[in-house]
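Number of protein chains: 4
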Amino acid sequence: MIAVLKQGTDQQQIDSLIEWFHSQGLRTNLSQGDEVTIIGLIGDTTKVDADLVESLDIVESVKRITEPFKRANRKFHPDSTVVEVGDAKVKFGAGNFQIIAGPCSVESREQILTVARAVKAAGATLLRGGAFKPRTSPYDFQGMKAEGLELLLEAKKETGLPIVSELMSAENIPLFENVDVIQVGARNFQNFELLKELGELRKPILLKRGIAGTLKELLMSAEYIMAGGNDQIILCERGIRTYETATRNTLDISAVPMLHEMTHLPVIIDPSHATGMARLVEPMSLAAAACGADGLIIEVHNDPQHAKCDGAQSLTPEQFNVLATKVCKVREAVA
Amino acid sequence: MIAVLKQGTDQQQIDSLIEWFHSQGLRTNLSQGDEVTIIGLIGDTTKVDADLVESLDIVESVKRITEPFKRANRKFHPDSTVVEVGDAKVKFGAGNFQIIAGPCSVESREQILTVARAVKAAGATLLRGGAFKPRTSPYDFQGMKAEGLELLLEAKKETGLPIVSELMSAENIPLFENVDVIQVGARNFQNFELLKELGELRKPILLKRGIAGTLKELLMSAEYIMAGGNDQIILCERGIRTYETATRNTLDISAVPMLHEMTHLPVIIDPSHATGMARLVEPMSLAAAACGADGLIIEVHNDPQHAKCDGAQSLTPEQFNVLATKVCKVREAVA
Amino acid sequence: MIAVLKQGTDQQQIDSLIEWFHSQGLRTNLSQGDEVTIIGLIGDTTKVDADLVESLDIVESVKRITEPFKRANRKFHPDSTVVEVGDAKVKFGAGNFQIIAGPCSVESREQILTVARAVKAAGATLLRGGAFKPRTSPYDFQGMKAEGLELLLEAKKETGLPIVSELMSAENIPLFENVDVIQVGARNFQNFELLKELGELRKPILLKRGIAGTLKELLMSAEYIMAGGNDQIILCERGIRTYETATRNTLDISAVPMLHEMTHLPVIIDPSHATGMARLVEPMSLAAAACGADGLIIEVHNDPQHAKCDGAQSLTPEQFNVLATKVCKVREAVA
Amino acid sequence: MIAVLKQGTDQQQIDSLIEWFHSQGLRTNLSQGDEVTIIGLIGDTTKVDADLVESLDIVESVKRITEPFKRANRKFHPDSTVVEVGDAKVKFGAGNFQIIAGPCSVESREQILTVARAVKAAGATLLRGGAFKPRTSPYDFQGMKAEGLELLLEAKKETGLPIVSELMSAENIPLFENVDVIQVGARNFQNFELLKELGELRKPILLKRGIAGTLKELLMSAEYIMAGGNDQIILCERGIRTYETATRNTLDISAVPMLHEMTHLPVIIDPSHATGMARLVEPMSLAAAACGADGLIIEVHNDPQHAKCDGAQSLTPEQFNVLATKVCKVREAVA
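Residue numbers (the working numbering), protein chains in the order written: chain X, 134 to 468; chain F, 134 to 468; chain D, 134 to 468; chain A, 134 to 468.
Honestly, I wouldn't trust all of these hints.
Far from chain D, by Cβ distances over 10 Å, these chain X residues were calculated [unchecked claim]:
1. K208
2. A254
3. T292
4. K349
5. E377
For lysine-lysine, the following DSS-like pairs were computed, each having C-alpha atoms within a straight-line distance of at most 25 Å [said to hold, decoys possible]:
6. K196(F) <-> K349(D)
7. K459(A) <-> K329(D)
8. K196(F) <-> K349(F)
9. K329(D) <-> K196(F)
10. K180(D) <-> K196(F)
11. K224(A) <-> K336(A)
12. K139(A) <-> K203(X)
13. K459(D) <-> K462(X)
14. K180(X) <-> K139(F)
15. K180(F) <-> K139(D)
16. K196(X) <-> K208(A)
17. K459(X) <-> K459(D)
18. K349(D) <-> K139(F)
19. K253(A) <-> K208(A)
20. K224(X) <-> K203(X)
21. K459(D) <-> K196(F)
22. K224(A) <-> K459(A)
23. K349(X) <-> K203(X)
24. K196(F) <-> K208(D)
25. K196(D) <-> K208(F)
26. K349(D) <-> K349(F)
27. K180(F) <-> K196(F)
I should point out that these hints are in silico values taken from the structure, not numbers from a laboratory. The C-beta atom is built at its ideal place from N, Cα and C for all residues, glycine as well.
Based on the provided sequences and hints, a complete structural model is requested.
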């Protein structure tokens, strides 16, 4: 951490500030330039409140040099983490690529079984399905809840696909015992109480980036889970909120290589939520595969026009089949 | 709701779509123009999935005409809601203006009592203090929790100021029994499970806008609480995330008159979090008072340079005193 | 265009508004619902000021149904435009893909010739080089100007590569007579006076999206050029400004398929400016190729560490060579 | 400027980098910490390309300590600049507050004279009126151009109000000889060729912030004008582009105190363009006056419903009169 002092600060004030830093167990390095005087802080600065130092009368600005995330940081863990899911040990990361597919929400036994069989046949290696649904309106369908999870488990049993489902409240964790990957949705990505509880589990977590979350914040949220001892985390970029309204969100595709540089955790793309339009899902999936994503999560519905949610962004099984084939080809091309 | 059809749609397809709308209990109005054909939907369209209709082959676009929020909507409740807090019935809205002040977090008995007395003397009418703190880093101070609430209650008893504190998880609701206003923070503004639980209470809720929440989404979140029967909601604009980095967030000051138009609920401003800098808190408070806000929530600390959080944006009691006096003058000027 | 009327509007006011629309040469269609009354306008509504109608006392909101761009609109020109550049008729669009490469700015004869030869050898089909440079600071290198253009022309003569260079002011148009493609930079994308002048030329224009330009605005700017009779336009997505600071801008990769739907003009990607980091240029180029872009424009410098501008985002010729080979493979995979 | 080196950099590489900095006339200060090694650069670092240094193999990141703007920087010019306009020497800044009012565009002699008289009577001290109009669509009214300027001058002669009008192209500068303040619109705020030409004039410039311009960029654009010797600049915040669509733009009200801290130049607010809605203009004007703005620029039209542009955001003279009275009261309250 670097503290830049205001012009005109006298030596006594500088000495006093340096003494204060020393009292916090830090060493300092003083650099006095023509226009600016800088104090470099050496030691563990993660506990220092940068905003507070910046508010001191003689301080002009403070700049952090080291990132506040440790466990998620590639600097301290150069090797890529491989997250293994389910009994079949389906792998994400370090060259392992998976496609998660399934409906936005579980609607009925027939629906989830039909879709599960179809996406498996087309090449999906995990099944997704929402049982607890975060909806902007209290008047919209809120999911089948426990019953939905039961149906998902039935689909898992029949097809052998590990399952992914979203958790919205810590009190429902017991219901997710046999769910293979617990998803944290974009709206809960800074629900820290929930993240802490997930840190206690020993089960892979699919952590979605918040709609206005920075990459650093995403890694700090991963850090919350990892601080509890659970380091099986799959990060997911799902579109961010910008001024552009032609698409529902803006897919931040550069998050893939950028996150790969910042962290050792696997990174997947959700093109369905990023664009909100079924016809953009394929091109965005191909882009993700081309630039090194570790996987995709895609909404597929047997009858999108009658889906209870997100029908507009859901592919039919046939469309998904075409997509999966093309994704394979692109992955071979960049291998 | 309006469905605009694609060019070249034939009459049979139009008839079939109209029939489908009728089967959903809606009436329709067909308008065939030179370039576009439009079907207007008449009746209760809140249950219609606009995205889904838009994804139909013959539909070019869909536009909602009526807002999806009902209980929070001023159209259906023209009179401004007055939220009354505590036994003293401190009022927000319809011309009633209040200043909530206090530290970011409760740190000790002495600290909270000192600040409580000071802000009361300066004109604050409610006391704020965090006991459960949402922190970006798992390694930062997470609040005094239950003990912090106890100290807040002690400060309330001594000063008579009603208290406001943030709740992060529904399981802690019992601890908030004697807290006068429960705050929902920006990061939880779409934690729908939490909002539903708050709808069951009969206690005022201070609902902060999410860092990237639209005004409509804020009202939909209020709607979640109101749908449960609790209509004692104070909305709070606290800065939104934009590309500008000179200030921590960008205070959306036009949200005050805009929300007053959209909803009957009171609207207050949090200049401390909006700017992140103590020296900007006064000018932003004056701006808020000038444009019709129903109150302010301001961070005040007896010793900002040693605060455990948000010291950089906290005022001293002396600074707060000056601010409160000026705010009064501005309110008189616009009365 | 649709005008939604306020509740409680009486029949006389409605009749009077309808009469006013008729006086403007429009036909109307009235739809009276339970909660809302809507007037649909039929005819040429491009001249109607939507904001003005919306400000009328009895009008609640106005929604445009048809896009304000005509010549750039795919609806009226279903076939993709092929832009042909130079005597060699290098083609962009409708399946034709080109890579433009070269330095941010022309710095010397040796530099531009070295780079030109290298990028040609690696597979670039056009040469870029800045002679007039838009720099945020007036104290930064502003380009070699006319002399830079001369050197570019020399490189064109030797290598046969058509050249692309940025124009910042209409008064310099005569200097660009032998430049094959005139580039309009992000900062000038709504410099309407300049766009009008370019509409008078019969030369391809590379139009970059503004840093906060919507896709609609980009097409309106193209419309300015096309309205003058010049329809040889190549659109370029080069990153937009968002809240995320990990990358310089956020590459809006979904603009590729979205623009292909909205317009018949070719769309290329500039991964260098979008990310600002050389090491992200390759993955973003592969993503662009995978999702159907019609080309790339990439900064290449023989000695990035001594470049006069944008060294941080420039590839070496060797890196560019690797990139070009991979891009080819991805294009084959998605063909 | 500070260069943070990557972990594992050996001493020889460090020495070589230090030597390179010395060769550029800079002195250095080396700080070697537990986890990071930092080189501080001392001397004139404005010419150093931070991005380039950051791209070096051994450099992790680079942070600028001093701002790149000098002439506009309050650090080097602590006293507030007072901009004096016209023969009457109407003053902006250092406590001097002015209201500029008038129509979006000059439409006819009668219109501009009527509005000029009305706004003068209501307390406006300058008259605005557009003759050259930047319109998103090439098919919209583009202004009366030279004829419009003539009519403005006539209104100036009759009322004595100094006039403000927008310039879109340097070639029209001669037409603006008798215009008192030349406005640079948001879309041209980084039209550097135009800014350079304005630097040659000795006439006040009203420089609007770009729709996605940072405060630093705004000051760099002011620096372009000042570098030419013209330091009579009035800065104008007019709303920025964010994700929120309830208002046309988001008024960044905190830009007022923030700019006052960063620069000595006066800062005014344009509430008309910021919100796009006439009914929000008054509350935003009061907010601006309360937080210390040096003036306002407001659109007023004698017949908003028939205005050729921006009718929706224009006040009637009566509404403007009420606003001006309230603004006075707020200014007195905060004096």
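Against the structure, the hints come out as follows:
| no. | hint | in the structure |
| --- | --- | --- |
| 1 | K208 | holds, 15 Å |
| 2 | A254 | holds, 22 Å |
| 3 | T292 | holds, 28 Å |
| 4 | K349 | violated, 7 Å |
| 5 | E377 | violated, 6 Å |
| 6 | K196(F) <-> K349(D) | holds, 18 Å |
| 7 | K459(A) <-> K329(D) | violated, 43 Å |
| 8 | K196(F) <-> K349(F) | holds, 15 Å |
| 9 | K329(D) <-> K196(F) | violated, 34 Å |
| 10 | K180(D) <-> K196(F) | holds, 21 Å |
| 11 | K224(A) <-> K336(A) | holds, 13 Å |
| 12 | K139(A) <-> K203(X) | holds, 16 Å |
| 13 | K459(D) <-> K462(X) | holds, 13 Å |
| 14 | K180(X) <-> K139(F) | violated, 59 Å |
| 15 | K180(F) <-> K139(D) | holds, 22 Å |
| 16 | K196(X) <-> K208(A) | holds, 20 Å |
| 17 | K459(X) <-> K459(D) | holds, 16 Å |
| 18 | K349(D) <-> K139(F) | holds, 19 Å |
| 19 | K253(A) <-> K208(A) | violated, 37 Å |
| 20 | K224(X) <-> K203(X) | holds, 24 Å |
| 21 | K459(D) <-> K196(F) | violated, 43 Å |
| 22 | K224(A) <-> K459(A) | holds, 21 Å |
| 23 | K349(X) <-> K203(X) | holds, 11 Å |
| 24 | K196(F) <-> K208(D) | holds, 20 Å |
| 25 | K196(D) <-> K208(F) | holds, 20 Å |
| 26 | K349(D) <-> K349(F) | holds, 23 Å |
| 27 | K180(F) <-> K196(F) | holds, 14 Å |
Violated hints for the displayed structure, listed by number in ascending order: 4, 5, 7, 9, 14, 19, 21.
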